[in-house]
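J.: First to last, the sequence lines map onto chains W and R. Sequential numbering of the first sequence, starting at 1, is according to this note's numbering. Sequential numbering of the second sequence, starting at 1001, is according to this note's numbering.
Check the hints yourself; a few may be wrong.
Stretch-level coverage of chain R by chain W, calculated; a stretch enters the list once three of its residues show a Cβ under 8 Å from a Cβ in chain W [stated by the list, open to error]:
id, region
1, 1013-1025
2, 1034-1044
3, 1049-1056
Simulated crosslink set (EDC-like; lysine to aspartate or glutamate; CA at most 20 Å straight-line) [stated by the list, open to error]:
id, chain 1, residue 1, chain 2, residue 2
4, R, K1027, W, E334
5, W, K153, R, D1094
6, R, K1036, W, E37
7, R, K1027, W, E408
8, R, K1027, W, E7
9, W, K153, R, E1106
Hints are computed from structural coordinates only; laboratory data are not their basis. No residue lacks a Cβ here, since even glycine has one placed at the ideal position from N, Cα and C.
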Amino acid sequence: MATRFDEIMARRGEIMRKALGMDYGEFELSPIAFDYEGMMAAGGYTLDEIVAIQSKAGVGNTPLLELRNLTDLVRSVSAPGMGARIFVKDEAANLAGAFKDRRASVSIHVAKAKGYAGVIAATSGNYGAAVASQAARNSLKCIIVQETYDSRKVGQPEIMEKGRICESYGAEVLQLTVGPELFFHMVELLDQTGYFAASLYSSFGVSGIETLGLEIAREMTELTGAPPTHVVVTHAGGGNTTGTARGLKRAGATSTQIVSASVDLSGLHMASDDDFNRKSFTTGHTGFGVPFATWPDRADVPRNAARPLRYMDRYLTVTQGETFYVTEAMAKLEGLERGPAGNTAMTAAVSLARELPRDGTVVVQETEYTGAGKHHWSQLNFAKQMGVEVRAGDPAGNQPGKVIVIPERLDQVRAKDFDLARMRQSYIRNALKNAPQGYEPTAEDVAFLAADTNSDAAAVEQTLAALREA
Amino acid sequence: MTDEVRAREGDWVEVERTLLDPADRSKNLPPETAEKPLRMWVKGFALGAAALGEEVTIETMTGRQVTGVLSTINPGYFITYGNPVPELTAVGRDLRAQLAAWRLSEGGDV
């Protein structure tokens, strides 16, 4: 017998089409390929128009700060002549405290322009606060659906804080126990209310992040005479990497290396009731970073605008303990008390800057607000309550969900390279798996897969041949 | 949160609902999740009087009516920074000292 779950999921396409005000079918080219740039342009706003929308919304033009103390400390542990300059874009200065305001401001503008009465977003992250804040300014109703609690109604302090701030901005917050069916409930609510789906992964949201890349290219050129050599991006669902990289390219910063970074949560299951409160990070981690890069279209829209493999030059992972350590260091050395998840890229940047010459320039492209709940002390005290061991030592001993090791020295912060070639192969395998059985990719599909993985036709053909053999 | 066990009409409260019983849940869940129902909590204004554990209908901030079991009256937020974390307390002191020593060795200003 069909359950309520099955009934809603069967009507998902029709409900989402109405809730997004856009037919993704127009961009489909084959069971594998679609017109990505056509979809990104369908919103109908130029980059200048997006800048104007955000300016009115209290979003963007955040300070770009050079971190001289951190740079010198990195140089103190680097080989002679090494240690790139480190900069940060203080995105916590946005209206609701994170770069997510850039996404939300465009989505909410679209919802208002199209005449929707309200908006719905499924998020346990800063995006909820951003949507709720922008909805309040635009007199739109707002529902945020959060994965909040384990089955004992215990929630990570970070998510509890995010629920609080959404309610502070007047949103209705639905707090659910662990499970991917949260998406089913969101679709059900969209059907009931007729509200706009303020998806994290729509072209509107992701194009809102392009202004961040644009600002970084311009401001670094003013400050140093050139765009940065490297931009480090905290990576989860892929929007941050995608939007920032697109903005940099549009500003002409085509030689800037895009380095994505996530906290390593390997070994923890994202849908596990037992692991849920042992992660110590709710975003910016590999539990989102890897699956969303290797199959973006798992998102709540038919085609995800966030396609990070298109833009990533390197993918670095850092440990939980390293990120808490760098978060503490940022407050004490640079006067920047910011949230740990947003400092994931900062942690990777400390490691990356050591490998680069002194004339290299590394921009960490975000920070996020902190406070009770989101603060790194809250996270660590909660981890201890959940039975996770916290100790000082060599971060190589960090085991997600079991042991958090806080480094004792800055030189112990060493990011690890994640194998991008393996991720590209995994993406191609997923693309085939999601096409009808026995479907043979055409030349157009190969070209699409090459673009979507930032590789070339020969590499794609090689992977396809290996998959056929397997 | 109040010590009250009865909500009056118009009080700001939280209710609980079960969205999916274990049998209706997604098939791709680890066992520790699959065996539990998917539950939800939401806050709003009580549309009638009820005691904790009783069913009540609320009107949420968006004006929706949701019926569920009354779980909390005047639900609060109890997140905190907690105690300083001993593994982090010396980080600032040590890094500032390291920075000062390095700048001296480079012949610059501290």
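J.: With reference to the structure, classify each hint as holding or not holding.
T.: So, going through the hints one by one against the coordinates:
no. : hint               : in the structure
1   : 1013-1025          : holds (count 4)
2   : 1034-1044          : holds (count 9)
3   : 1049-1056          : violated (count 0)
4   : K1027(R) - E334(W) : violated, 48 Å
5   : K153(W) - D1094(R) : violated, 39 Å
6   : K1036(R) - E37(W)  : violated, 43 Å
7   : K1027(R) - E408(W) : violated, 44 Å
8   : K1027(R) - E7(W)   : holds, 15 Å
9   : K153(W) - E1106(R) : violated, 55 Å
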